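Using the hints provided, position chain W relative to the given structure of chain R.
Protein sequences appear in the order of chains R and W.
Offset between the first sequence (1-based) and the numbering used here: plus 1.
Offset between the second sequence (1-based) and the numbering used here: plus 1.
Any given hint could be a false lead.
When chains are identical, the list treats them as one kind, so a pair holds in a single copy or across two.
Derived BS3-like pairs: lysine-lysine, alpha-carbon spacing no greater than 30 Å straight-line [as the list claims (entries may be wrong)]: (1) 256 <-> 23; (2) 386 <-> 401; (3) 23 <-> 340; (4) 23 <-> 218; (5) 23 <-> 89; (6) 345 <-> 415; (7) 401 <-> 256; (8) 218 <-> 98.
It should be emphasised that the hints constitute simulated quantities derived from the structure, not laboratory data.
Just so you know, these numbers come straight off a predicted model, no measurement behind them.
Protein chains: 2
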Amino acid sequence: MSLPMLRIGLFGFGTVGQGVWKILQSQSQSLQNRTSREIQIEAIYVRDVGRYKIQYPELPFVNSPDAILNNPDIGVVVEVMGGENPAKELVIQSLRKGKRVVTANKELLGKHKSELFHEASLHHSDIYFEAAVGGGIPIIRSFKVGFSANSIQSFFGILNGTTNYILTKMSETEGQSLASVLSEAQSLGFAEADPTMDISGADVAYKLTILAAVAFKIDVGISDIHFEGIESIDSDDIAYARQFGYEIKLLAMGKQLDANSFVLKVHPTMVPIHHPLASVRDEFNAVFLTGDSVGEAMLYGKGAGSLPTASAVISDLIDIAFEGQGPGSARNLETNYRKVAVEKIEDQETRFYLRLNIQDIFGVLEKIAAVFGTNHISLANLIQKERDESTAQLVIVTHKVPEKNMQNAIVQLKQLVEVLSVQSVIRVGLD
Amino acid sequence: MSLPMLRIGLFGFGTVGQGVWKILQSQSQSLQNRTSREIQIEAIYVRDVGRYKIQYPELPFVNSPDAILNNPDIGVVVEVMGGENPAKELVIQSLRKGKRVVTANKELLGKHKSELFHEASLHHSDIYFEAAVGGGIPIIRSFKVGFSANSIQSFFGILNGTTNYILTKMSETEGQSLASVLSEAQSLGFAEADPTMDISGADVAYKLTILAAVAFKIDVGISDIHFEGIESIDSDDIAYARQFGYEIKLLAMGKQLDANSFVLKVHPTMVPIHHPLASVRDEFNAVFLTGDSVGEAMLYGKGAGSLPTASAVISDLIDIAFEGQGPGSARNLETNYRKVAVEKIEDQETRFYLRLNIQDIFGVLEKIAAVFGTNHISLANLIQKERDESTAQLVIVTHKVPEKNMQNAIVQLKQLVEVLSVQSVIRVGLD
Numbered sequence: 002m003s004l005p006m007l008r009i010g011l012f013g014f015g016t017v018g019q020g021v022w023k024i025l026q027s028q029s030q031s032l033q034n035r036t037s038r039e040i041q042i043e044a045i046y047v048r049d050v051g052r053y054k055i056q057y058p059e060l061p062f063v064n065s066p067d068a069i070l071n072n073p074d075i076g077v078v079v080e081v082m083g084g085e086n087p088a089k090e091l092v093i094q095s096l097r098k099g100k101r102v103v104t105a106n107k108e109l110l111g112k113h114k115s116e117l118f119h120e121a122s123l124h125h126s127d128i129y130f131e132a133a134v135g136g137g138i139p140i141i142r143s144f145k146v147g148f149s150a151n152s153i154q155s156f157f158g159i160l161n162g163t164t165n166y167i168l169t170k171m172s173e174t175e176g177q178s179l180a181s182v183l184s185e186a187q188s189l190g191f192a193e194a195d196p197t198m199d200i201s202g203a204d205v206a207y208k209l210t211i212l213a214a215v216a217f218k219i220d221v222g223i224s225d226i227h228f229e230g231i232e233s234i235d236s237d238d239i240a241y242a243r244q245f246g247y248e249i250k251l252l253a254m255g256k257q258l259d260a261n262s263f264v265l266k267v268h269p270t271m272v273p274i275h276h277p278l279a280s281v282r283d284e285f286n287a288v289f290l291t292g293d294s295v296g297e298a299m300l301y302g303k304g305a306g307s308l309p310t311a312s313a314v315i316s317d318l319i320d321i322a323f324e325g326q327g328p329g330s331a332r333n334l335e336t337n338y339r340k341v342a343v344e345k346i347e348d349q350e351t352r353f354y355l356r357l358n359i360q361d362i363f364g365v366l367e368k369i370a371a372v373f374g375t376n377h378i379s380l381a382n383l384i385q386k387e388r389d390e391s392t393a394q395l396v397i398v399t400h401k402v403p404e405k406n407m408q409n410a411i412v413q414l415k416q417l418v419e420v421l422s423v424q425s426v427i428r429v430g431l432d
Numbered sequence: 002m003s004l005p006m007l008r009i010g011l012f013g014f015g016t017v018g019q020g021v022w023k024i025l026q027s028q029s030q031s032l033q034n035r036t037s038r039e040i041q042i043e044a045i046y047v048r049d050v051g052r053y054k055i056q057y058p059e060l061p062f063v064n065s066p067d068a069i070l071n072n073p074d075i076g077v078v079v080e081v082m083g084g085e086n087p088a089k090e091l092v093i094q095s096l097r098k099g100k101r102v103v104t105a106n107k108e109l110l111g112k113h114k115s116e117l118f119h120e121a122s123l124h125h126s127d128i129y130f131e132a133a134v135g136g137g138i139p140i141i142r143s144f145k146v147g148f149s150a151n152s153i154q155s156f157f158g159i160l161n162g163t164t165n166y167i168l169t170k171m172s173e174t175e176g177q178s179l180a181s182v183l184s185e186a187q188s189l190g191f192a193e194a195d196p197t198m199d200i201s202g203a204d205v206a207y208k209l210t211i212l213a214a215v216a217f218k219i220d221v222g223i224s225d226i227h228f229e230g231i232e233s234i235d236s237d238d239i240a241y242a243r244q245f246g247y248e249i250k251l252l253a254m255g256k257q258l259d260a261n262s263f264v265l266k267v268h269p270t271m272v273p274i275h276h277p278l279a280s281v282r283d284e285f286n287a288v289f290l291t292g293d294s295v296g297e298a299m300l301y302g303k304g305a306g307s308l309p310t311a312s313a314v315i316s317d318l319i320d321i322a323f324e325g326q327g328p329g330s331a332r333n334l335e336t337n338y339r340k341v342a343v344e345k346i347e348d349q350e351t352r353f354y355l356r357l358n359i360q361d362i363f364g365v366l367e368k369i370a371a372v373f374g375t376n377h378i379s380l381a382n383l384i385q386k387e388r389d390e391s392t393a394q395l396v397i398v399t400h401k402v403p404e405k406n407m408q409n410a411i412v413q414l415k416q417l418v419e420v421l422s423v424q425s426v427i428r429v430g431l432d
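Just chain R, with the same shape it has in the complex (with noise of 0.2 Å):
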């Protein structure tokens, strides 16, 4: 008996389209079993077709995504090409066509998913994107099936496998510079040669918009969000951190704080060495998420490489293959986000580490103390250490305060001729 047929098109022959092919290989029995259609490659659409031929002259390349876009018996799309342009046009092509798509582009979506969705929705197709997030980890489908009988109160992701291996290796081998650790990864395949994107902490950014979009039911573009990243780590802090009981991690950070009212944000931040976040080394990723009914949850797994991400992608096909046709059919799309006020940085509240290159000299911290208590910012922790005959450093942890108030006082203590400088602030723990 000949199996219902899936027939897909693949926009790019990358390391992801790489892995899904290998793995519809490899897999191709098990599928079937599972699905009862047999899924097939239809088409991969890449620029250069005489380069792939020569290594693969058995797959269907073609050299015009049209070959795709107008092959009535291709269902659905798999989108790997990343990056916004032409993956963005090729995807609103597919679905005004109502083929299902399935992308792992999270800068598409970080950017544009809402007129996606929209798009998905007056077409009566739908798209799909558990690979742009957590990369092989089930996150999204346990938002939107999974955890989806809760209210999701808050999560905390480290969403961005590269800055976690680096920040994973210093913590490992203290006082090994970011520098250092960044060159090796790079020689490990473990970060891009321009690793800017995932460094800057806007990789994550995007991510969070698509976690928050699925979690929350809300639409927020990465201007709405204050991302930062890890360029200002230094091993000194991360040696600071371990002697108060933290690892310092990249983390995306979603809270609701009422109906309408919503913490979003990415930073590094001390997490306190118990949680299980802490222990999400190398290049893994992880979601810790709180939900209403569900209580505290984690998932962990890879969250980039091509069969890590490839086995995301290949999920959502499963998903396709069950889905029926026509208005209500859609599993995956939601159309119902909401714009909300996202609560501006300056007025959260949290703790803070800092670490100060000060003149070593009669007076410099009664002079520190004071800009502290002017701002109203009590000390928890505070470590002086020589650093040589004129100069120590200074390190401290602050109780709760208004992020406002600290920002005051940075200002203030650079304008002290003894603090030679602010060499770093980050944030402590997930309150």
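Coordinates of chain W only, in the frame set by chain R:
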């Protein structure tokens, strides 16, 4: 515009049933937004309608299962009675009427899943059971969809909250006995009045047969599985475990050796302190798995309780809300489970921890060492500790050794007059 209804019948209204009702109330609007359907409880079967009517006068209690079975408007039944009977008959009758079934009943599935899946298939229905394993953690659907592109190589689960709570408390308060922690747990509601199912490992063994089905597509019964409980774990063992760098956890283990051979077993295990499972504390559950594409992944959350379990039941209702009708639409049902050989425990190899009470006299260690030598068991660690004037405690950790060699050695050790007792035998490590 009124939405199409999804009318459900409840069998049972205990702690999970009440949780389902509460969440359907509180999340009514968001579930409608998510599914474009209105989910309504049409009838609730309980034995003693009178008693419930007083507390919940507005709810549609019925005193006969037929009021649900014979109501053609009810398309979905939720079985939350627990236990084998009459749950089994009610589920079969429901499937025969073509109703979708959602069940939280690990004993029912552990014993009868093949028969139930067959009935569902015969009558073009489907049976969902996210709540039967791991409470609120979306572990079943992760195996069925999220990780479905993978050959699962192994999984290790902490699947019983009561025993994990007890082991955690014993570890945190070194020296407290199992009996005393258990009685505390009972008074706090973390353990049943009769905790036999939990303590003996039987509860975990039922759950393991269910995970084996969804992860490996194999049909094994509880009688195929070697299972042990935590009855003989002593506070001394917990203390030594920590000293050697381990936490003791009651683990369900599944490993694929080759296409037709599997390891499936439940027993207390010394888990290396840095493994993610070692930090799963209190009543939390977790499943750590390795897939050929996704690599290592872990899901973590609350494994029991009214709302976490109800949250899982409702996630199944969401899937059902999106299901089409007729043959081929059943997205959860799989019937191609193979009967396979489960490797006998005697044929497995592992490391062992042993704790002996011995006479503290000249030559005893030589005799004990001879027993290990005869059985080709090589020792990794050994601690002898004086107990009183004439006896001592001897703690041993071995290298990897076949189970049957260790079983021989234990028989021979017990025959030595110098060995007063073999207090504990605990397997070490996850390999």
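Going down the list of hints, with the structure as the test:
1. In this assembly of identical chains, residue 256 and residue 23 lie within 30 Å of each other by CA distance solely across copies; the values are 24 Å between and 39 Å within a copy.
2. Taking identical chains as interchangeable, the C-alpha atoms of residue 386 and residue 401 lie at most 30 Å apart only when both belong to the same chain, with a minimum of 24 Å there against 49 Å between chains.
3. Taking the closest pair of Cα atoms, residue 23 and residue 340 come within 30 Å of each other only across two copies (28 Å); inside a single copy the shortest separation is 40 Å, beyond that limit.
4. Proximity of residue 23 and residue 218 under a CA criterion of 30 Å is satisfied inter-copy only: 22 Å between copies versus 34 Å inside one chain copy.
5. Proximity of residue 23 and residue 89 under a CA criterion of 30 Å is satisfied intra-copy only: 25 Å inside one chain copy versus 42 Å between copies.
6. In the homo-oligomer, the alpha carbons of residue 345 and residue 415 lie at most 30 Å apart inside one protomer (24 Å), although the nearest pairing across protomers, at 70 Å, exceeds that limit.
7. For a Cα distance limit of 30 Å, the shortest separation of residue 401 from residue 256 inside one copy, 17 Å, qualifies, whereas the shortest one across copies, 48 Å, does not.
8. For a Cα distance limit of 30 Å, the shortest separation of residue 218 from residue 98 inside one copy, 26 Å, qualifies, whereas the shortest one across copies, 37 Å, does not.
Violation of the numbered hints given earlier is absent; every hint is satisfied by the structure.
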